[in-house]
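K.L.:
For reference, the chains in residue letters:
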Amino acid sequence: MTDFGIIGMASIITAGLTIGIGSIGPALGEGRALAQALQAIAQQPDEANTITRTLFVGLAMVESTAIYCFVVSLILIFANPFWALVTAN
Amino acid sequence: MRLSPDQIVVLQLGPWPINATLVFSWLVMALLVVGSWLVTRRLSPGGAIGSGQNVLEAVVAFLLDQIREVTRQDPEPYLPFVGTLFLYIVTCNVLSVVPGFESPTGSLATATALALCVFVAVPAFGIAKLGLRRYLANYLRPSPFLLPFTVIGELSRTLALAVRLFGNVMSGSVIAAILLSVTPLLFPVVMQAFGLLIGVIQAYIFAILAIVYIASGAELQERRARTLEGEAAT
Numbered sequence: 054m055t056d057f058g059i060i061g062m063a064s065i066i067t068a069g070l071t072i073g074i075g076s077i078g079p080a081l082g083e084g085r086a087l088a089q090a091l092q093a094i095a096q097q098p099d100e101a102n103t104i105t106r107t108l109f110v111g112l113a114m115v116e117s118t119a120i121y122c123f124v125v126s127l128i129l130i131f132a133n134p135f136w137a138l139v140t141a142n
Numbered sequence: 004m005r006l007s008p009d010q011i012v013v014l015q016l017g018p019w020p021i022n023a024t025l026v027f028s029w030l031v032m033a034l035l036v037v038g039s040w041l042v043t044r045r046l047s048p049g050g051a052i053g054s055g056q057n058v059l060e061a062v063v064a065f066l067l068d069q070i071r072e073v074t075r076q077d078p079e080p081y082l083p084f085v086g087t088l089f090l091y092i093v094t095c096n097v098l099s100v101v102p103g104f105e106s107p108t109g110s111l112a113t114a115t116a117l118a119l120c121v122f123v124a125v126p127a128f129g130i131a132k133l134g135l136r137r138y139l140a141n142y143l144r145p146s147p148f149l150l151p152f153t154v155i156g157e158l159s160r161t162l163a164l165a166v167r168l169f170g171n172v173m174s175g176s177v178i179a180a181i182l183l184s185v186t187p188l189l190f191p192v193v194m195q196a197f198g199l200l201i202g203v204i205q206a207y208i209f210a211i212l213a214i215v216y217i218a219s220g221a222e223l224q225e226r227r228a229r230t231l232e233g234e235a236a237t
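Protein sequences appear in the order of chains R and L. By the count of the numbering used here, the first sequence reaches residue 142 at its end, each step adding exactly one. By the count of the numbering used here, the second sequence reaches residue 237 at its end, each step adding exactly one.
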């Protein structure tokens, strides 16, 4: 197999695995955080503002893990340095 | 596929390429400055206020409220820095629904620059409040062995701040582009509206995290210093 084939195949498979595996953890975490926040709002509706604000900030921090995976997989597909090296030669 | 507006070169000025990121950040800066100047030119302290002044007062009051709730300190010293961050990012993200406008925050360079501002502002506010010696001494608490981890933590949270903003804004535009080629009718509009929500929330989160980093430093140090002085006195 040529260099083109190996690098292309490895990049695409790894990109899929990266985003696939990388989004499992944040998805579970976000679901859990949301469930807890809803429970807290149901128990204390007066504190809904504070809970919602903290929830959004927390969700964004949890979500950033998935965003890192997304950025890495996009780099692998669209801005792969090894691919650029092979096509330049 | 284009991942960031850095790759669109609008103008070549000698050795310096002027790309779309620069042009659109200048546009947003001009919009904010001229808009505020036009509104604040004629301020009235009395009951009958113009609509522009009403909007700006609501924005400033909202920011002051949020900073006060998060830090439980006097919000005035933090307002100029955090408020500017929030207004700049939110304007960039909201304007990205305008066709042809590429949000400057969708470029890693802009996001990194904003995160570096926060990285510099944390010690700046800390030193301004506590003085250089007490601020630096805080790095050695609770134990000098934790110094490397504190430093790594400061660096990695700056990186996370930059990549989070860039990743969210960029993923919004990439998803819109992919959807346009798959289902060109109607569905991209829904995703654009969703992207608008994400953009505002990300701007809010960036500003809130900045104020949390800045204030937690100053406040914690203050409390620790106070307890130490208390121990020394007894």
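By construction, these hints were calculated from the structure, which means they are not laboratory data. Check before you lean on any hint, since a few could be wrong.
Here are a few chain R residues that face chain L, going by a calculated C-beta distance under 8 angstroms [as the list claims (entries may be wrong)]:
#, residue
1, Phe109
2, Val110
3, Ala113
4, Ile120
5, Phe135
6, Ala137
Far from chain L, by Cβ distances over 12 angstroms, these chain R residues were calculated [what the hints assert, rightly or not]:
#, residue
7, Gly61
8, Ile65
9, Asp99
10, Asn102
11, Leu112
12, Val125
13, Ala141
For each residue, glycine too, the CB sits at the ideal point set by N, CA and C.
K.L.:
Where does the structure disagree with the numbered hints, that is, which hint numbers, in rising order?
P.N.:
The structure breaks hints 5, 6, 10, 11 and 12; every other hint is satisfied.
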